[in-house]
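Q: Listed below, chain by chain, are the residues.
Number of protein chains: 2
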Amino acid sequence: MSSQPEHPTLLIPGPIEFDDAVLQSMSHFSQSHVGAPFVATFGETLTMLRKLFKTTDPSSQPFVISGSGTLGWDLVAANLAEPGDDVLVLHSGYFADSFADCFETYGVKATQLKAPIGSRPQLPEIEKALKEKKYKLLTVTHVDTSTGVLSELKSLSELVHRVSPETLIIVDGVCSVGCEDIEFDEWKLDGVITASQKAIGVPAGLSISMYSGRAIKAFQSRKTPPGSYFASMKNWLPIMQNYEAKKASYFATPSPQLIHALHTSLTQILSRPLSERFAAHRATSLKIKKAVADLGLKQVALDPADQANGMTAIYLPENVKAPELLPNLLKKGVIFAGGLHKEIATKYIRFGHMGVSVTDPKRDDIDRAIKALEAGLSDAGYQKA
Amino acid sequence: MSSQPEHPTLLIPGPIEFDDAVLQSMSHFSQSHVGAPFVATFGETLTMLRKLFKTTDPSSQPFVISGSGTLGWDLVAANLAEPGDDVLVLHSGYFADSFADCFETYGVKATQLKAPIGSRPQLPEIEKALKEKKYKLLTVTHVDTSTGVLSELKSLSELVHRVSPETLIIVDGVCSVGCEDIEFDEWKLDGVITASQKAIGVPAGLSISMYSGRAIKAFQSRKTPPGSYFASMKNWLPIMQNYEAKKASYFATPSPQLIHALHTSLTQILSRPLSERFAAHRATSLKIKKAVADLGLKQVALDPADQANGMTAIYLPENVKAPELLPNLLKKGVIFAGGLHKEIATKYIRFGHMGVSVTDPKRDDIDRAIKALEAGLSDAGYQKA
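Just so you know, the protein sequences line up as chains Z and R, in that order. Here the numbering used here is used: the first residue of the first sequence is 1, the next is one more, and so on. Here the numbering used here is used: the first residue of the second sequence is 1, the next is one more, and so on.
Check each hint, because a few of them may be wrong.
Identical chains blur together in the list; that is why a pair holds if it fits in one copy or across any two.
As the list claims (entries may be wrong) - Keeping only pairs whose Cα atoms sit at most 30 Å apart, straight-line, the calculated BS3-like set for lysine-lysine is:
#1 Lys-332 with Lys-246
#2 Lys-342 with Lys-223
#3 Lys-133 with Lys-217
#4 Lys-246 with Lys-347
#5 Lys-347 with Lys-234
It should be emphasised that the hints constitute simulated quantities derived from the structure, not laboratory data. Here the structure is a predicted model, which means the values were calculated and not measured.
Using the sequences plus the hints, can you model the full thing?
A: Structure representation (structure tokens):
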């Protein structure tokens with residue numbers, strides 16, 4: 001069914017399992033990064049990203065840069081805020097701490113609004129914070145990969161636009177773009193950063209992001225130059241605009257192979273309605289969450305409304321240890337991830353369910369994983385109370 | 001002979017033609033970035049880099065990070081110098097200007113020592129500059145990809161160690177590592193930055209670099225935090241050390257596919273003596289340079305001692321225009337690059353001769369390219385005077 005050699009099924013919250021055609025695109029023969037064939041491929045890729053993010057506003061601007069998801073934080077912190085600016089970082093797990101660190105690196109004052117583990121800051125406290133201080137931008141982790149907590153963007157954006165309309169709304173969508181609905185224009189978002197290796201279904205190595213015309217204007221009216229060279233929008237903006245206009249342009253060499261893989265994956269994703277894709281992720285997620293509950297286990301994300309559709313963070317029973325369970329699951333052909341949130345890292349595991357493992361009807365990854373988890377817990381002596 | 005589909009031969013100064021096995025490694029099935037199999041691959045890759053750079057000093061430190069060659073500049077500028085520090089940038093073409101820009105982004109004062117187009121700063125003027133001011137570090141472009149000018153590292157390093165022993169010696173080896181000899185330990189270099197897509201023979205997407213123990217110490221004794229988040233050695237140093245010790249570690253997700261391709265290419269490169277590899281590049285380069293001279297054409301790099309062995313920048317005859325010649329060469333199955341140095345961009349073309357096009361005896365890329373160039377010039381009405 002697959003041209004890939006037999007291998008354990010990778011069901012961590014990224015990298016995910018990849019489609020054969022996407023992996024084959026990674027082996028594309030070498031092309032000049034400024035030659036017409038590759039320029040066309042890159043240009044089409046940028047245009048397809050607009051569809052994935054649901055933006056038809058011509059002032060929106062996609063960026064695709066060699067790097068990891070982390071580079072997206074630098075793009076935001078070094079370009080959309082200036083030294084001394086205040087930014088509000090909504091905290092729903094591990095990644096907000098790092099994003100705040102990134103802001104501080106560039107002299108930007110990050111105020112974190114922290115929620116207890118397993119939940120997210122609530123609208124009334126966000127409203128209070130926004131009224132207390134003027135924030136240049138607010139960041140929200142759409143899905144925190146360490147906790148599986150999903151944030152709600154639509155009502156958050158409405159709140160920000162009502163209470164502090166000048167504050168830019170920046171979404172860390174590393175673990176959400178491609179598996180959670182994002183209505184970039186309709187929800188009036190100003191920036192969504194993501195990476196290739198999660199629900200977009202392309203090997204790691206690309207930082208992918210989308211900014212509103214308002215965000216680009218904010219960048220262009222900076223009083224100080226950008227704080228980073230490699231992550232400078234001044235350096236990259238003309239490059240992205242030129243490639244999308246099918247004009248060769250050079251700042252740093254892009255990766256034709258990764259861009260080809262992204263082109264292939266976006267073509268596949270956009271060949272069917274996005275609503276179907278999101279519904280499939282939701283249905284699979286509900287099935288997994290039901291199986292977890294049936295096993296008598298609890299999720300890290302407490303409120304069902306806050307639970308991500310592309311991953312599930314599962315607390316282990318008292319006597320089951322991740323360093324024993326995970327290798328046993330590997331023997332059964334399934335790779336899950338350990339905990340990442342420092343305060344509870346040893347107490348839980350993470351099950352990623354994004355991309356072809358969810359959408360490809362020829363794959364039985366999810367059912368095998370649920371069975372493996374049940375058997376693994378049983379092997380460890382666990383019985384539902 | 002190759003499993004790649006028929007395609008025009010890419011002979012620009014990077015990306016280059018890739019070996020079949022390297023391209024196949026790009027399609028590696030998905031692996032966890034923190035799972036034992038990939039951790040072993042990444043660890044071995046880092047260790048092999050020590051051999052490529054010829055360093056056996058255990059305090060040397062390799063870095064492999066998702067990004068382009070440009071990211072190496074940020075690694076240097078944001079970690080090895082501090083705001084207010086003076087650095088000396090030796091200028092042999094386009095890339096020194098950009099490196100200087102990168103330093104200025106991080107508040108570091110870059111003094112450029114510029115040579116006329118086609119040459120490089122000479123030792124006496126470098127000595128004079130080093131005596132006039134105390135420089136935290138000096139940068140040299142080993143091969144400037146815009147001009148094909150090769151810099152001499154051994155005597156430069158001797159000079160710096162004699163005149164200003166505290167100054168770190170940083171080499172931009174983007175267009176040299178893998179085709180020009182680099183004796184990291186013996187020449188007492190402190191940093192060499194490069195990228196995957198040139199003579200290392202791996203698709204673009206990796207920033208690859210090596211630092212001396214002295215450079216790492218200089219970083220560790222900074223008074224201010226690093227100026228970048230994504231390019232912070234504070235964030236990456238423990239990750240690289242852990243991977244090489246075969247311990248899983250996380251700061252940002254590496255690209256298993258690109259790392260597999262690098263592992264494959266380094267295994268191939270190190271399977272034969274490096275001296276053979278450099279001799280092959282030199283012999284091919286001399287053959288190309290003779291063909292260029294036989295055609296009555298001049299190189300941008302003036303002095304034969306300053307001419308790179310992995311590329312040749314060739315001035316066009318008066319009446320031959322690159323926008324007509326290059327498409328004609330493409331029709332003949334060969335891709336050359338246009339000029340890049342702003343002041344002379346329209347007047348010359350660049351011929352890259354690195355990697356498998358040079359070392360694989362089954363390929364006739366170079367001979368075909370020389371013949372295509374001769375025929376293309378003839379088609380354009382050029383006759384040797």
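Q: With reference to the structure, classify each hint as holding or not holding.
A: Results for each hint:
no. : hint                 : result
1   : Lys-332 with Lys-246 : between (48 Å within a copy, 24 Å between copies)
2   : Lys-342 with Lys-223 : between (38 Å within a copy, 28 Å between copies)
3   : Lys-133 with Lys-217 : within (22 Å within a copy, 41 Å between copies)
4   : Lys-246 with Lys-347 : between (50 Å within a copy, 24 Å between copies)
5   : Lys-347 with Lys-234 : between (44 Å within a copy, 28 Å between copies)
Every hint, counting from the list given before, is met by this structure.
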